[in-house]
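Chains as they are written, first to last, in numbering that gives the first Met the number 0: chain W, 0 to 426; chain S, 0 to 50.
What the hints contain is simulated information worked out from the structure, not anything from laboratory work.
Mixed in with the good hints there might be a few duds.
As the list claims (entries may be wrong) - Simulated pairs of lysine-lysine, DSS-like, Cα-Cα distance not exceeding 30 Å:
hint, chain 1, residue 1, chain 2, residue 2
1, S, K2, W, K1
2, W, K62, S, K23
3, W, K341, S, K23
4, S, K23, W, K137
5, W, K33, S, K3
6, S, K2, W, K424
7, S, K3, W, K85
8, W, K137, W, K296
9, W, K47, S, K3
10, W, K198, S, K23
11, W, K62, S, K2
12, W, K137, S, K2
13, S, K3, W, K389
14, S, K23, W, K76
15, S, K3, W, K137
Keep in mind it's a predicted model, so treat the numbers as computed, not measured.
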Amino acid sequence: MKLSQFNLMVGISPNETALYNTLTRNYFLLDSTKFETVNGLIQNLHRKDYTEEEADVIVNLTKNRFIMHNGVDEIEKIRNREEAVKTQQYAQVIILKTTLDCNFRCIYCYQEHDPIRMDDKLQEDMIQYVTEASKKYKRISFVWFGGEPLLELDRMKIMSQKLIDICNENDCEYTAAMTTNGYLLNDDILNNLEAMRIKKAQITLDGTAIHHNLARPHMDGSGTFDVIYHNILKILSLDVDLTLRINVNPDNYLEIENLLDMIPTEMRSKVRVCMANWFQTKPKLSLYSIYKAAIEKGYSYLGTRNNFSICERTFDNMISVLPNGELVSCSEECKRTAAFGKLENGAIIINDEAAAFKAENRASITENERCRNCIELPMCMGGCVQARLKKPNYCAKFVPDGLSVEEKAKLHIFSDLRFNPEAVKRI
Amino acid sequence: MEKKRVNIEELEAVVTNESINVEKEDEANARNSEVISQPSDDTFIICDNHC
Numbered sequence: 000m001k002l003s004q005f006n007l008m009v010g011i012s013p014n015e016t017a018l019y020n021t022l023t024r025n026y027f028l029l030d031s032t033k034f035e036t037v038n039g040l041i042q043n044l045h046r047k048d049y050t051e052e053e054a055d056v057i058v059n060l061t062k063n064r065f066i067m068h069n070g071v072d073e074i075e076k077i078r079n080r081e082e083a084v085k086t087q088q089y090a091q092v093i094i095l096k097t098t099l100d101c102n103f104r105c106i107y108c109y110q111e112h113d114p115i116r117m118d119d120k121l122q123e124d125m126i127q128y129v130t131e132a133s134k135k136y137k138r139i140s141f142v143w144f145g146g147e148p149l150l151e152l153d154r155m156k157i158m159s160q161k162l163i164d165i166c167n168e169n170d171c172e173y174t175a176a177m178t179t180n181g182y183l184l185n186d187d188i189l190n191n192l193e194a195m196r197i198k199k200a201q202i203t204l205d206g207t208a209i210h211h212n213l214a215r216p217h218m219d220g221s222g223t224f225d226v227i228y229h230n231i232l233k234i235l236s237l238d239v240d241l242t243l244r245i246n247v248n249p250d251n252y253l254e255i256e257n258l259l260d261m262i263p264t265e266m267r268s269k270v271r272v273c274m275a276n277w278f279q280t281k282p283k284l285s286l287y288s289i290y291k292a293a294i295e296k297g298y299s300y301l302g303t304r305n306n307f308s309i310c311e312r313t314f315d316n317m318i319s320v321l322p323n324g325e326l327v328s329c330s331e332e333c334k335r336t337a338a339f340g341k342l343e344n345g346a347i348i349i350n351d352e353a354a355a356f357k358a359e360n361r362a363s364i365t366e367n368e369r370c371r372n373c374i375e376l377p378m379c380m381g382g383c384v385q386a387r388l389k390k391p392n393y394c395a396k397f398v399p400d401g402l403s404v405e406e407k408a409k410l411h412i413f414s415d416l417r418f419n420p421e422a423v424k425r426i
Numbered sequence: 000m001e002k003k004r005v006n007i008e009e010l011e012a013v014v015t016n017e018s019i020n021v022e023k024e025d026e027a028n029a030r031n032s033e034v035i036s037q038p039s040d041d042t043f044i045i046c047d048n049h050c
């Protein structure tokens, strides 16, 4: 028998420690007496003989995948899950940037506000593409992105109806999500979200008004906080799950809890808080204490399971489309020079860059020796592919949230204790 | 009275058996769950760049 290479001991409180596994996300809470027993076994698993209590603990740990027989290859398990995700044939993921134009001028933005917008030709090409894809897959996952996607609202409405009709005809599920700055979410748009099947939205507030308005001004220089805040309250009254993105730097760090207090308590369970350091912030701030505060205040926490994927780029069945129909590798990529192909007449036309792109996507992170030996591998899966390609020694530790693996485990457990107490197991 | 002790060979056999059962359970779950590997909505939002 052997220990999982992904076991971790984490102090939860002065009286409790958790034995946590980063591959399965299983954990046991241990009081101080049980900790002595379990830790003793983990430090010295192979003995001549065991008490009956020790033997029972070992069997229990085996059933919960902390201990296994010597033939188990955990890295192979990760590789298999990674491959299954990459090659899944269930859904086609489509990310459409309706425009690269934006009505905001966020001070940290990496986009160049190219005024290009999608046209009727791309609309028809996309409809043709979805017509074929909906015959092949069980779900079309459509993501509206930009620039600011709502600058093309009329087109979004028309396209949504056509895409939904096509999927209905082909017995294919259609789901949609949207990343928006939230400024244009007027009553007309809010009333249309259900018809457009947009069930998930991501909107950003970078702190309370004074900090947010400095970071995310309107293109005319005015503040945007009040409009977005009230739109968020409106969207939370609908059947839409919200991801509240908060970009953190040393200036707004202390204001985040005040922002979290502004959302009414009864609405918070519909809000998944996603915080990240400004990418310019080095070294990264640990966001542990504000994530913990968010859980205590009743906000949903995202990091309770492994997806074995990093982002949309993980999937073979994904296209990320610029407003001119060109294809790029992920939603972050906006430069037309990065295009590796084009959506034309409902088909994907690829250029020479595509082969390299596909090859990059095919490589398993388990081939990287450092990652293979890292306890965080199942949780981070190597992090951003783009970043890894740019920097061969890139490591996703502490990016983007400044959380250590121990802190991630603790937040998972705190989230369960707050929202899902029946999942909390004790020895 | 001296408590009963379990020798390592005996325990290894139990662990191997339990571990094989766990493996089979995991494989069955992976096979039976078509949705296990499908894109999650969470997939599209965790990026360290800003929107």
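Worksheet item: Of the hints stated earlier, which fail here?
Response: Numbers 3, 7, 8, 10, 12, 13 and 15, in rising order.
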